[in-house]
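Asker: Here's the letter readout for the chains.
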Amino acid sequence: MLRLQARKVILVLLVLIFGCGLAVPNLFSPETRKAIEQGAPAWIPRFLLPIHAMTLGLDLQGGSHVLLEIDRADLIRSQVTQLRDDVRRILREERVGLQGGIGLTPRGVQLRVPEQADRAKLMPKFRELAQPIGTFGAFGPSGNQSIEVAENPDGLIQLNVTEAGANERIRRAVEQAMEVLRRRVDALGTTEPNIQRQGLDRILVQVPGLQDPQRLKQILGETAKLQFRMVADANAGDVDMLPSQDQGGQPIPISRQVIVEGEDLIDAQPAFDQRTSQPIVNFRFNIRGAQRFGQATTENLGRQLAIVLDNKVISAPVIQSPITGGSGQISGNFTVEQVNNLAILLRAGALPAKMTIVEERTVGPGLGQDSIQAGKMATIIATALVILYMIGNYGLFGFIASIALLVHVCLILGLMSLLGATMTLPGIAGIVLTIGTAVDSNVLIYERMREESHLGRSLVSALEAGFQRAFATIIDSNVTMLIAAVALFTLGSGPVRGFAVVFILGILTTVITAVTLTRMLIALWYRWARPKALPF
Amino acid sequence: MRLLRIVPDNTKFRIVHWRRFAYPFSAAYSLLTLALFLTVGLNFGIDFRGGTLLEMQAKSGKPDIAHVRQTANGFGFGEVEVQEFGNAGDLSMRFALQPGGEVAQQAVVTKARSAFSEAYEFRRVETVGPRVSGELVQAGTLGVVLAIIGVLVYLWFRFEMQLAIGAIVGTMHDIVLTLGFFLITQLEFNLTSIAAILTIVGYSLNETVVVFDRTRELLRRYKTMPIPELLDLSVNSTLSRTAITSTTTILALIALVFFGGTAIEGFALVMLFGVVVCTYSAMFVSTPVLLYLDVRAGRLDQSEDAAEAKARV
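Just so you know, the sequences run in chain order X and Y. Residue numbering for the first sequence follows my numbering, starting at 1 and increasing by one per position. Residue numbering for the second sequence follows my numbering, starting at 537 and increasing by one per position.
The reader is advised that the hints may include incorrect statements.
Computed Cβ-Cβ distance ranges for the label pairs, DEER-style [what the hints assert, rightly or not]: (1) X:A236 - Y:N579: 37 to 45 Å; (2) X:Q211 - Y:G625: 19 to 27 Å; (3) X:E31 - Y:S596: 44 to 52 Å; (4) Y:Q674 - X:D267: 31 to 39 Å; (5) X:W43 - Y:S596: 29 to 37 Å; (6) Y:G610 - X:T490: 43 to 51 Å; (7) Y:L754 - X:L406: 49 to 57 Å.
Over 12 Å on every C-beta distance to chain Y, these chain X residues come out as not near it, computed from the model [unchecked claim]: (8) G21; (9) Q82; (10) L91; (11) G97; (12) I147; (13) A164; (14) M178; (15) I287; (16) L301; (17) E359; (18) A384; (19) L405; (20) A421; (21) A485; (22) V496; (23) V515.
Honestly, the hints are just simulated from the structure, not real lab data. It should be emphasised that the depicted structure is a prediction, and the values quoted were computed from it without experimental measurement. Cβ atoms here follow ideal geometry from the backbone N, Cα and C, with glycine treated the same way.
For reference, chain Y alone in the conformation it holds in the complex (with noise of 0.2 Å):
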């Protein structure tokens, strides 16, 4: 059997100078990103904006989306949002958050399912008060901001300041790009969303670590190679890996969105799109970020390169 190779033996790509394409189209994207946020902004979903989502289904037959859309918004809660998603033919209907606090609410609820209990099933009641959705968002933005620190301080420990900071700016961008995603298909943004964005924070350090470690021994290696040079080896030998790891995620995560359901496709989408991002990133942006960041200097005392070459023996 001739087994399948993805990448051959011994590239020689010089990842370092392709910088000069992968940065000024990483910047233009991350000012499109920045412009869209402020002008469009990102569709948050009633986890951060609060009110009341609705799924539903008919009993029997199609749905009539124009008699429910005309139902709902005949119920004085202000525009009501109404969609057909799936092929089952299902309804989702939003309701802003409604004034005057918790209660209001839950009349919107009542209302709907008075209204629609008997020709539709309903899948899902979701509402969000004004005082939940605040503190979830306070929950999401400092669960990101806090993996980003610990992150940082155990890339710290491990490798030191110049690779750290090289990994972040990775991951960083990543962030960016992924909002990017978001802004630009109007995707919900909602809670699962801060735990795709988290977990994309995840992988892109896994990817760029990857490389780092193999620079970190590189470094220790070869003391005169130019860091240029050192840089492309350290991508093109992790390169073999970095291609069938990206592959077999991106295969798991294609199996999500096709079987997972409607309830998962956005989380799996966006996590398509981080995969194919943060492989990008590790290697066109992190590591040249390291050309900037003076990797020789003061690092790798004598009992380090002590252990390392008896770990050689």
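Isolated chain X, as found in the complex (with noise of 0.2 Å):
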């Protein structure tokens, strides 16, 4: 057991070195590594490079975490009316009349076509609305379908959106507006946001380092659905009473009838009226925009064009003369922020859902740094405290577990840096209490060696006997607390993950320390001193 093979006392000094030496970039700053990434010759794998640094959790480094949820019933709305237009669609196709409208339900619309004939000819087309919904099994598609339909004997026709083609559509329109969210995100200039999606309707946005953390969640919110439709009359068909926002909210008439959409802008910038001075956003059109705002703005010259943004009327200006041009601007009561917000969101797209923000937390940087200082601080002084305490009880031997204790610590954070872990103020935590734990290890392997030489061993067969019998305790003791800290990682989140890691991470290495560094360095000390007794 205390003999030493040289190959062997190499090949862990080599592999402990590299681990601790894993933690090194963490003292380089971004720059540096990036200068060392690109400067190093191609032929040296990327995982040996000095470049894995550690992230800092968002309670370190300052900035918000920002959950968003996406409107399910917003959803599953405007999919019954999509689902009515088709139906409607339908009907004028095959020149059928109705007996009454068609009904809208929460999950459907419902018709009823009294003449069986009319039903023959209109359930094919109406079931071909339903599409498969496209999770392929080991035995082809799974056969759920995003619509079905059902005839009743009595004329009734349902048409309901099922349950797995609202969760398809959800999952299609989180995709999309993580899309939406990210350049919105990136308008705002800020370096590296993480913005990932979780569960099936849920979108995690995290900005590190931000200056305004309420103008993200501004830019956020906002679905920023954009139309060009007239005011109309009010008595006329098709109309939707929308709020006015320059007359105090008054609503006003507002035709169905959409001319342009936000989707046809290509540009969108803030900018001031030269006129007026007044904020205001210039946009321009794509081709089809352009070319359809010019043939509205011509035919209905003299009468008043609404800009609507999520379903209110910011402006609507009447139309002096036709817009062929392709761009146009867009005036209201606004701020100087408020335009920056907008060209902003009518640059990156409407969101295809409401969202409500169910979860933010921010920090603020100068909090940030001051848990990093307080954070430092607590590990420094646990360290001495612990290493004092240790050479206090077992003197050199207690130096031994020191420095197991740092090589402990190093691989830690060099272990974290390598798998890109983020590293959070409950991670810090962590790792203080670790270096309280850590020396449980070489305590259980000291212990046990008194206790065998007590027995009246000898030395060596008291040293050889304090690892074999400690190593069982070890396991055991060891396995337990990873099984909680399993268990804490599965299911925490964010903050608490991080503790999560360093605990799990703090487990594996004291043990591996203990069983490996310990007991070179004491075989180490046994065949250059050649004691006769224990040291403690």
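Bring the two chains, given one by one in their own frames, into a single complex with the hints.
Answerer: Okay, structure coming up:
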């Protein structure tokens, strides 16, 4: 047991030095790391380069964590509306009249077609509306349809959005929304935002080091659905009463027909009106948008054109002359900040559905800095206290345990860097805690040595028995800890997960350092000093 | 250099005997916990209760806590808890969950920001809506339950059922006492608290397993030793290790309490309490429980004995 094989010693030392070396890149600035990565020859594997550093959690770096949830009801509503339009189109194409209109239900539409012959014509067309949901199992498509169509003998036909159809729509909407949100956040010019899906219907946006978290939320929360529609006569059909911003929120009648939508915009920029010096947004349409806009403004000279954003009328100017150039401006009683935001929103596009903020956690940069300072301080003091105490108890062996302890801390940091794990404030607390518990393996070994030597064993046999007997205990006690830590990891989120990562890595490294490094150092000591008794 | 000896060699404490003090004490404390749980209740943070938490620091001079309280209460978002904490004059404001779903919570933040952002720097803003807080409660409870089941299964495999039960009784005891600590101090109970409790679960088992490992070894070695004596011996022979490891952990946690900053202070305090409780329960609660479970029954087949004998040669 105490024999030293040179090969083994070198191997262990190399692994430990490499492991600790992994922590070094954290001392470099991100720019230095980037320079190293670019400067290194291509034949060196990337994982060997000192470029992997831990990410600091938002609680240490400062920044915003915003969890958004897509409005399920809103999406289903729009799905149902689309279904109604499809049904209306089919009725027109097949020239079938209805008894009563198309009725809307929470999950679909229903209509009454008394004639059996008409129903026979319609049903296949309706069934074509249903699309298979794209999950292919081992035996072909899963067989789920987006819409289910039911025909009753009394002439009632029901078309309902299925659960699978709704979920599929939500899944696609969330994907689309992530793209839109990414463009919006990028427009704020922040570094390394993190946007990821959470569950079926949520998106997590994490933006580090933000100056103005309120602005982030304003930009994330808006649907930003822009439409150009004509102001209509209140008595005409197909009219929505929408609140008007420039008339103090009073509803005005707006035609349901949309002339051009936000998706036909190719650019939007904040600017100032040259005559009134009011903040405005200048925009340009694509070719299709320009054509439609030109046509509508030519045909409706002298009438009011409403600019509708998220079902609110921003302004409704009178068309003075046809606008055929494909560009225009949006004015309203805006502040500079509002036009800046509006331009970003219009460039990034509209969200496919309403999204609400269900959770927000923002930490200012000052607090993050203070937390890092306090964390460092606590780590240093804890290490010093534990080292003093161990040396006080075990003398030279305490010193050996202290070396193992320092290596253990470096290994945690090194592994976290390699994994690109996130260090959070609870993570720092985890490091401090493992500083206290890491020496446990050494203590178990040393106490066992002491016991065995009291039983009258020779020094060598006591040393060996110490390692051998304590090993089972070390494994058992650490595996139980590990189970608790893994439970924490799987269920925790954000900062708590950071703690769990540190805790898990800490358990692994303490076992490794105790059974390799400590044993080796004690063997070296035994070989050089040729002692007769335990030094404690 | 004369080295420290926290625990003298060959102690002969009658640990098991002391259960007549330990058990009534633990029972009384658990009852107190239950009573407080039903009357006062845990001081749930916004993670579980939903609502808004704001922390701010005066940009210059001391914060005007009376003015902040008066202004915040005038918002019409219900009673606002305003507190001073730390030594740099930080203020925290807590708003209860607002009726009106997810959107209503954001109104609180907007209002508070515009009212105080001139004189104060916002250091932390947290809003948790009703749906998320409900899910966090579920995930937290599930985590603790899963951890306990996982450990029970592991212990059952590695030791045997009796010892596993003893360890789990000890762990439950530690969870209850830690909850009692939350109830008595009215420390905020949030996600970090769940992390603390799970860590305490881990530590508690660690402490118990070290003693039980010895118990198992002694059971194999001394086939006829009376169980109370054998349990006493298990605790006494691991006592020095228990004392030293607890001390290093406590030292590290003290560093965390005093230097780790206000954001982590609650976690560190709970852990500190937990480590003391775990050390106590491993010796005075879980070990004596084994008296009531027939630890010698049907255990240790011959092959295991043989393996042990071989290892000793």
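Asker: Now tell me, hint by hint, if it's right for this structure.
Answerer: So, going through the hints one by one against the coordinates:
A C-beta distance of roughly 60 Å is found between A236 (chain X) and N579 (chain Y), which places it outside the suggested range of 37 to 45 Å. Checked against the hint of 19 to 27 Å, the pair Q211 (chain X) and G625 (chain Y) passes, with Cβ atoms roughly 23 Å apart. Between E31 (chain X) and S596 (chain Y), the C-beta spacing of about 34 Å breaks the proposed range 44 to 52 Å. Taking the beta carbon of each, Q674 (chain Y) and D267 (chain X) are about 46 Å apart, not inside 31 to 39 Å as hinted.
Range check, W43 (chain X) to S596 (chain Y): about 57 Å between beta-carbon atoms, so the 29 to 37 Å window is missed. Checked against the hint of 43 to 51 Å, the C-beta distance between G610 (chain Y) and T490 (chain X) comes to roughly 44 Å, which is consistent with it. Taking 49 to 57 Å as the suggested C-beta distance range, the pair L754 (chain Y) and L406 (chain X) does not conform, at roughly 35 Å. Remark: the non-interface label on G21 (chain X) is consistent with the geometry, its nearest Cβ contact in chain Y lying 25 Å away (cut-off 12 Å).
The Cβ of Q82 (chain X) sits about 26 Å from the closest Cβ of chain Y, beyond the 12 Å cut-off, so the non-interface label holds. Every CB of chain Y lies more than 12 Å from the CB of L91 (chain X), the least distance being 38 Å, so the non-interface label holds. Distance check for G97 (chain X) against chain Y: the nearest CB is about 43 Å away, which clears 12 Å, and the non-interface claim stands. Once the 12 Å rule is applied to beta carbons, I147 (chain X) is consistent with being away from chain Y; the minimum gap is 28 Å.
For A164 (chain X), the non-interface assignment is confirmed: its Cβ lies about 23 Å from the closest Cβ of chain Y, beyond the 12 Å cut-off. For M178 (chain X), the non-interface assignment is confirmed: its Cβ lies about 19 Å from the closest Cβ of chain Y, beyond the 12 Å cut-off. Every CB of chain Y lies more than 12 Å from the CB of I287 (chain X), the least distance being 38 Å, so the non-interface label holds. Its beta-carbon lying about 41 Å from the closest one in chain Y, L301 (chain X) satisfies the requirement of being farther than 12 Å from that chain.
Against chain Y, the non-interface label of E359 (chain X) is violated: not every CB pair exceeds 12 Å, the least being about 5 Å. A cut-off of 12 Å between C-beta atoms contradicts the statement that A384 (chain X) is not in contact with chain Y; the least separation is 8 Å. The Cβ of L405 (chain X) does not lie farther than 12 Å from every Cβ of chain Y; its closest approach is about 9 Å, which violates its non-interface assignment. The Cβ of A421 (chain X) lies farther than 12 Å from every Cβ of chain Y, with a closest approach of about 16 Å, so its non-interface assignment holds.
Under the 12 Å C-beta cut-off, the non-interface status given to A485 (chain X) relative to chain Y is violated; the minimum distance is some 6 Å. For V496 (chain X), the non-interface assignment is contradicted: its Cβ lies about 5 Å from the closest Cβ of chain Y, within the 12 Å cut-off. Every C-beta of chain Y lies more than 12 Å from that of V515 (chain X), the closest at about 16 Å, which supports listing it as non-interface.
Hint check: violations occur at hints 1, 3, 4, 5, 7, 17, 18, 19, 21, 22; the rest are consistent with the structure.
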